[in-house]
Amino acid sequence: MNAPLDWLQLALFCGVLLLLTKPLGLYLSQVLERGRTWLDPIVGPLERATYRLCGIEADREQDWFGYTISLLAFSLVGLVLTYLLLRGQGRLPLNPQHLPGLPPHLAFNTAVSFATNTNWQSYSGETTLSYFSQMVALTIHNFTSAAAGIAVAAALVRGLARHSVRTIGNFWADLVRVTYYVLAPLSVVLALFLVAQGTIQNFQPYVAVRPLAAGTAGAPKIAQGPMASQVAIKMLGTNGGGFTNANASHPYENPTPLSNLVQMLAIFALPSALTYYLGRVVKNQRHGWAVWAAMFLLFLAGVLVTWHAEAAGNPIHQRLGLVAADGNLEGKEVRFGIFNSALFATITTDASCGAVNAMHDSFTPLGGLVPLFNIETGEVIFGGVGAGLYGMLVFVVLAVFIAGLMVGRTPEYLGKKIEAYDVKLVMLVLMVLAATILGGTAWAARTDWGRAGLNNAGPHGFSEILYAYSSAVGNNGSAFAGLTASPADGDPHYDVTLALAMLVGRFLMIVPLLALAGNFAAKRLVPASAGTFRTEGPTFVVLLIGTVLLVGALTFLPALAVGPIVEHYLMGAGRLF
Amino acid sequence: MSAKAVSLLDRAILRQALADAVVKLDPRRQFRNPVMFITLVGALLTFEQLFTAPGPLGYGLQVALWLLFTVLFANFAEAVAEGRGKAQARALRSSRRQLLAHRRTADGYERIDASLLRKGDVVRVAAGGLIPGDGEVIAGAASVDESAVTGESAPVIREAGGDRSAVTGGTVVLSDVLTIRITADPGDGFLDHMISLVEGASRQKTPNEIALTILLSALTFTFLLVIVALKPFGDYAQAAFPVTALVALLVCLIPTTIGGLLSAIGIAGMDRLLQRNVLAMSGRAVEAAGDIDVLLLDKTGTITLGNRMAAEFLAAPGVPPERLAEAAQLASLADETPEGRSIVVLAKDRFGLRTPAMAAPHQFVPFTAQTRMSGIDVASPGGQPARQIRKGAADNVRAWVESLGGSLPAEVAAAVNLVARQGGTPLVVADGRDILGVVHLKDVVKGGIKERFAQLRAMGIRTVMITGDNPLTAAAIAAEAGVDDFLAEATPEMKLARIRAEQAAGHLVAMTGDGTNDAPALAQADVGVAMNTGTQAAKEAGNMVDLDSNPTKLLEIVEIGKQLLITRGALTTFSIANDVAKYFAIIPAMLVGAFPAVAPLNVMRLGSPPSAILSAVIFNALVIIALIPLALRGVAYRPVGAAVMLRRNLFVYGGGGLLVPFAGIKLIDVVINSLHLV
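Heads up: the sequence lines are chains E and G, in that order. Heads up: the first sequence begins at 714 in my numbering, then just goes up one per residue. Heads up: the second sequence begins at 12 in my numbering, then just goes up one per residue.
Please keep in mind that the hints were generated in silico from the structure rather than gathered at the bench. Because the structure is a prediction, the values reported are computed rather than measured. Think of the CB as a built atom: it goes at the ideal place given N, C-alpha and C, for glycine as much as any other residue. Don't take each hint at face value.
[Unchecked claim] Result set (DSSO-like, lysine-lysine): computed pairs, CA atoms no more than 30 Å apart in a straight line:
#1 Lys996/E - Lys735/E
#2 Lys35/G - Lys457/G
#3 Lys1137/E - Lys35/G
#4 Lys216/G - Lys35/G
#5 Lys242/G - Lys1137/E
#6 Lys216/G - Lys1137/E
[Unchecked claim] According to the in silico footprint, chain G covers these stretches of chain E (three or more CB under 8 Å from chain G):
#7 935 to 945
#8 1078 to 1090
#9 1093 to 1107
#10 1278 to 1284
For reference, chain E alone in the conformation it holds in the complex (with noise of 0.2 Å):
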């Protein structure tokens, strides 16, 4: 283990990371609040042409229910088209492996998956998909449900930095100009930087190669197709849906260490940056910072369990003698060891990323536990693009809700006061998330089709099932890699269940959320005095890491004290599973 170096990469991590935050988040409200940028020139005709053509009247703002109406309108077409896609693989251009359509369950699923940012597999890309199928089907909700879920996140922001008006924005324009100005031009430059670090981008049929060892049964093949381009709006959408069933430990997806760096950062990159944007609209940019540091501090205690559990091993192992190099390395790179692993581990659940660089699946239960409860605290750790920053408000709103009447005042936000309205909308949002995961888990634990997909027994086993639901209503879309959700009997329990799972995290905490900013706009400003409740400095900062780690801890306790916390104390006794 060397830890110096390790301590060095994270310092560097950290350090750009926040290096990044302000410039970014300052290009993000000049897009989303219609300001000027330099990329007018290029980018501005062909926004208005797409106005045009798509007959959207950009300057007409709506209110919280035209705005939901168009997100959900386009969502729906969006996952119905994916799933026709799918379904009618076969008959479709780009299929040098002429892969034949996916079954109705398992195209659900991923229609489903990919329209709501989770990008949850339930196959494996490289003999399932055709190149068409991801780069139209897939690659489309790449782009649009990352530009949905930063446009909800601006539509809160600024029904919150509003006041005394009913209207939130225009969906349309929103999703134009974040794909326009932000995520198309990121994933160009990224894509070729990583072209440049040996990721591989063509149309070619896959490679066989002559087995090592001889009389090994058909001649195994090495994947190809255009996955540059492919990678790099996974990571800067914190989609997560692999090319490959490896994802970001295949060594052409994510070639070296460099590109390993590049590609974490993109995960946070999005959403660190929102978080100056939710300070700069609401003119208060310690706001901003506070829940930034709040988010940042979440994740360097995640980093540093998981780390430390990984780096520690397993204590079997040392019994036995067979003590490896530095830790638990199993279902890891070599390429990235340990610290890189977790690390990226840390990031993909906190962010709703899921993309792997490393099997979390045969992490330490304690080092497993980590990117189980990022994802269980409901993605707000930086969290997806978008979807993170609203996730984080809604805690924003049950903290200073829960102790703002601690300074003699009802409780109020921005200079909004939180009413029993808003109390309602966000517990709902709480509630619904909670229901489903632990509603979902349960049933699956219970039943045979539940317990059938499992590829370890006991409370891993269990691990297994709760990691897919909180994945699947978190939208994070990496998964315990146990669990085979799609098996080859074709029993479509989990396909369904778990997009039904992705429906509800998704939608019924964007409803919701879009309901709390067309009441917060509305609202009267109350103007801030020194008996106002403050929500920056190391107090609000402190009260908010407390309030989102009570929420997730006294809703999933029970539930990790069955699964990873009993398994890690099995683990000390000698049990494994």
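We have chain E already, so just place chain G on it with the hints.
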């Protein structure tokens, strides 16, 4: 009604509350409080388990009983809070038994039962009689003992016309005769409102209480899900969790502490106001008081002592100050106003001038609204021309002097301006055609008021002084008293406009008022405190009545409102933070049977799984009892800024809420095990 007499833990109230706690078990009542309803259902479920599930009976019974106690303790807290109000209501009621009224009829007066009086009836009350209902004096003047309502034993004057015409049912006429027009139907009078409010019968949830109830219900529902899901999780892990343990965990997790104390906190808030002799017409008003950030304060009586005092003699050029003082004293001899007396006193203090024995024939000239001067005419002993001394407003004295052929020296005119600029009232003194100088009458700002305003500012509350003075005077007093802003030459319309403007800018405004012309502003203000001495119109327009009629009370009202909100927030935070320790007590106890390896998770080293679960349940029940005094008294409040207050309360109730239950549960566990209860 003397509210102060009811102590926090009066024995009679406690006895009554114990009985009420059982009555309140009625499921229809419990259903209104989801947190306690779930607890009650859980308790019944554990009783049912005694008969259907295997296991040691003693343990199951104890858990079931303590769960039931949890509900009873919450009921008890509410009953104690209500009990104090009821005790006060009883005292009020006793004053209105078998009241007879003399109602005016077409041909004289008839004796009827007071409960038959209707709005608009006219009654006559003679000395020694009880006033039969709320009304307005239409003829006569009398001294009235209102101690039944205010607790103040000194009688007050009530008379027809003006701002002292309102009378309250149940009060006693001490002298003379009043003719009163009844303004409220029976059951709708001031006392009736008061009784129903203090009894808690007409209490409605306030907006923040509703929001908090939603939060608590949602948390309860979430924990219900967590526990329901835990059953199949246990089945999967082949660690069948017994229903009793699941229910115990559920009740420990749901916010029973705040859920059980929430209504008691609200009732206690109104009660604390009552103890300061302020009657809130709704809980909403108390809650709004905490949010107030602009106070409109009347200058007179609140910021300054009621009267102006002579502070200085500013003699005209060439006039010895003693001469000015002597003339001013002479002119004020018959002046019984506090201002006049203060001139006499100042002359004595400064120059040792004793009140002269007036040998010469003389005649006092009283103040009139037309002359705006007063003074004295002294006939000279030698029959020489009379000496005429006048004091009064500069313009009037000047006109008078000029009519005699004199003039106002420029230096005196400058002194007049100077005094006015400093916020004083200049009183010019003339002896015949000679102007002697100026007496500086000054408003005396109450001691300590400046510090009080500084505290308010630290709390984020702005004070606006309302005065009829001219802007110059107002500005000077405002500066001296340390208020943030002032409204000079204020009329009722300007007050109303000012309140509207503040509210349009998002502020919440509190004010006091007594006159009928204050009524629109009182109604418009978020917290309008009417003085009990005020008119019926004012009392109806406001949402609080100050029985002591003390305008400074506004500051206390705001503090009580804040205290109420802080108590609510602190107990909510405490209640939620408690859950962490309860998890650490119960989860290991539930798992250790199937997975002995998790023993290290039992960080508190509790004796056995049953004792761990029982300890958590007992702690959860007892903490409600332990916090009743805090809920009723309110969290200690200090006027500091929001940041300091948050840090402190978060530390005490958040941090304390995390740690205290670890110690408490451990302690109970030690007791349980040493007594071998399980």
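Straight-line alpha-carbon gap Lys216/G to Lys1137/E, limit 30 Å: Satisfied, since the Cα-Cα distance of roughly 16 Å is no more than 30 Å.
Pairwise hint evaluation, Lys1137/E against Lys242/G, where the allowed Cα distance is 30 Å at most: Given that 30 Å is the threshold and the Cα spacing comes to 28 Å, the pair holds.
Pair hint outcome, Lys1137/E versus Lys35/G [Cα-Cα no greater than 30 Å]: Between Lys1137/E and Lys35/G the Cα gap is close to 28 Å, so the pair holds against 30 Å.
Holds or violated: Lys996/E to Lys735/E, with C-alpha atoms at most 30 Å apart: holds, 14 Å
Given pair status - Lys35/G, Lys216/G, alpha carbons within 30 Å: holds, 18 Å
Coverage of the segment 1278 to 1284 of chain E by chain G, judged on three or more residues with CB within 8 Å: That given contact holds, which follows from 4 residues of the segment 1278 to 1284 of chain E lying within Cβ reach (below 8 Å) of chain G.
Outcome, coverage of the segment 1078 to 1090 of chain E by chain G - at least 3 residues whose beta-carbon is closer than 8 Å to one in that chain: violated (count 0)
Stated coverage of the segment 1093 to 1107 of chain E by chain G [criterion: 3+ residues, CB within 8 Å]: violated (count 0)
Chain G covers the segment 935 to 945 of chain E, three or more CB atoms within 8 Å, holds or violated: That given contact is violated, which follows from only 0 residues of the segment 935 to 945 of chain E lying within Cβ reach (below 8 Å) of chain G.
Restraint check for Lys35/G with Lys457/G, where alpha carbons must lie at most 30 Å apart: Roughly 49 Å between the alpha carbons, so the hint for Lys35/G and Lys457/G is violated.
Checked against the numbered hints given earlier, this structure breaks hints 2, 7, 8, 9; the rest are met.
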